[in-house]
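J.: Residue-level listing of the chains:
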Amino acid sequence: SQTIHQWPATLVQPVGSPLSLECTVEGTSNPNLYWYRQAAGRGLQLLFYSVGIGQISSEVPQNLSASRPQDRQFILSSKKLLLSDSGFYLCACHRGPTEAFFGQGTRLTVV
Amino acid sequence: QKEVEQNSGPLSVPEGAIASLNCTYSDRGSQSFFWYRQYSGKSPELIMFIYSNGDKEDGRFTAQLNKASQYVSLLIRDSQPSDSATYLCAVNRGTSYDKVIFGPGTSLSVIP
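Protein chains in written order, with my numbering: chain A, 5 to 115; chain B, -19 to 92.
There could be a bad hint or two in this list.
Pairs of lysine to aspartate or glutamate residues, derived as DMTMM-like cross-links and limited to a Cα-Cα distance of at most 25 Å, are as follows [stated by the list, open to error]: (1) Lys79(B) <-> Asp75(A); (2) Lys47(B) <-> Glu30(A); (3) Lys79(B) <-> Glu63(A); (4) Lys79(B) <-> Asp7(B); (5) Lys(-18)(B) <-> Glu30(A); (6) Lys22(B) <-> Asp7(B); (7) Lys84(A) <-> Glu30(A); (8) Lys47(B) <-> Asp89(A); (9) Lys(-18)(B) <-> Asp75(A); (10) Lys79(B) <-> Glu26(A); (11) Lys79(B) <-> Asp89(A); (12) Lys(-18)(B) <-> Glu26(A); (13) Lys79(B) <-> Glu30(A); (14) Lys47(B) <-> Glu(-5)(B); (15) Lys22(B) <-> Glu30(A); (16) Lys47(B) <-> Asp7(B).
Just a few of them, taken from the derived set where beta-carbon distance is under 10 Å, the chain B residues facing chain A [to be verified]: (17) Lys22; (18) Ser23; (19) Thr66.
Derived from the structure by calculation, the hints contain no laboratory data. These numbers come from a predicted model, not from an experiment. Every residue, glycine too, gets a C-beta built ideally from N, C-alpha and C.
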């Protein structure tokens, strides 16, 4: 079965600092991978998705970027964090045609 | 118009009652529909999915889909305090499975 590893679980970073969140998937090959952000009390906002190595689609213009250096690795980055980047970041993988299967999430607080 | 809309709630129901959660979507080409449950501070977990018009039942949960009205709902029978969570409606757009779009979620509180 598929497993998504996402780390760290929590992160407190100062404004202007860089960010790197990593997500790896086990138990499947060539997965569609996603980064979502959830602000407090809000739904999930799709940030990036990737259908293969080096293939990244961005849903919204923002301060973040994503990369997929390996088939089962998806990285979310920022060069300089903003206060508005705070939130709960979730990596997801599609299992079957459409079901999104989530990692445990990273709670980022920018101070 | 937002792609997937839900009432934010909170929706409060007494224990044992039926909770009804609603969702509308804008893309008529959407093919599949999902309900996720998310406890505070946790990642969402899938509880139901539906592809065809009509009802789909799984234990205490029933998903209802009406593509003509672009409407999907989730009924929770015999609600329990452990059902208290945020319920996210999600829609896969079109025939490509590149994107699953989530609604903002409805907060449900089941009162003992």
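J.: Does each hint fit the structure? Answer for all of them.
T.: Verification of the supplied hints:
1. The straight-line distance between the Cα atoms of Lys79(B) and Asp75(A) is roughly 18 Å, inside the 25 Å bound, and the hint therefore holds.
2. For the suggested pair Lys47(B) and Glu30(A), the alpha carbons sit about 35 Å apart, so the restraint of at most 25 Å is broken.
3. Proximity of Lys79(B) to Glu63(A) is assessed by CA-CA distance (about 10 Å); at most 25 Å being required, the pair is judged to hold.
4. Between Lys79(B) and Asp7(B) the CA atoms are separated by roughly 12 Å; this keeps the pair inside 25 Å, and the hint holds.
5. Between Lys(-18)(B) and Glu30(A) the alpha-carbon distance is near 34 Å, which puts this suggested pair outside the 25 Å criterion.
6. The hinted pair formed by Lys22(B) and Asp7(B) fails the criterion: a straight-line CA distance of about 29 Å is larger than 25 Å.
7. A C-alpha spacing of about 30 Å is found between Lys84(A) and Glu30(A), which places the hinted pair above 25 Å, so the restraint is violated.
8. This hinted pair does not check out: Lys47(B) and Asp89(A) have alpha carbons roughly 36 Å apart, beyond 25 Å.
9. At roughly 32 Å between alpha-carbon atoms, Lys(-18)(B) and Asp75(A) are farther apart than 25 Å, so this suggested pair is violated.
10. Distance hint between Lys79(B) and Glu26(A) is fulfilled; the C-alpha atoms sit about 20 Å from each other, no more than 25 Å.
11. Proposed proximity of Lys79(B) and Asp89(A) is supported: the alpha carbons are some 22 Å apart, at most 25 Å.
12. In summary, the hint linking Lys(-18)(B) to Glu26(A) is not supported, as the alpha carbons are separated by about 30 Å, beyond the 25 Å threshold.
13. Distance hint between Lys79(B) and Glu30(A) is fulfilled; the C-alpha atoms sit about 21 Å from each other, no more than 25 Å.
14. In summary, the hint linking Lys47(B) to Glu(-5)(B) is not supported, as the alpha carbons are separated by about 31 Å, beyond the 25 Å threshold.
15. For the proposed pair Lys22(B) and Glu30(A), the alpha carbon gap of about 20 Å is at most 25 Å, so the pair holds.
16. A threshold of 25 Å between alpha carbons decides the hint, and for Lys47(B) with Asp7(B) the separation of about 10 Å falls inside it, so the pair holds.
17. Nearest Cβ of chain A to the Cβ of Lys22(B): about 7 Å, under the 10 Å cut. The hint holds.
18. Hint status for Ser23(B) relative to chain A: holds, with the closest Cβ pair at about 4 Å, below 10 Å.
19. Against a cut-off of 10 Å between C-beta atoms, the interface hint on Thr66(B) holds, since the closest Cβ of chain A lies about 9 Å away.
Hint compliance for this structure: hints 2, 5, 6, 7, 8, 9, 12, 14 are broken, all remaining hints hold.
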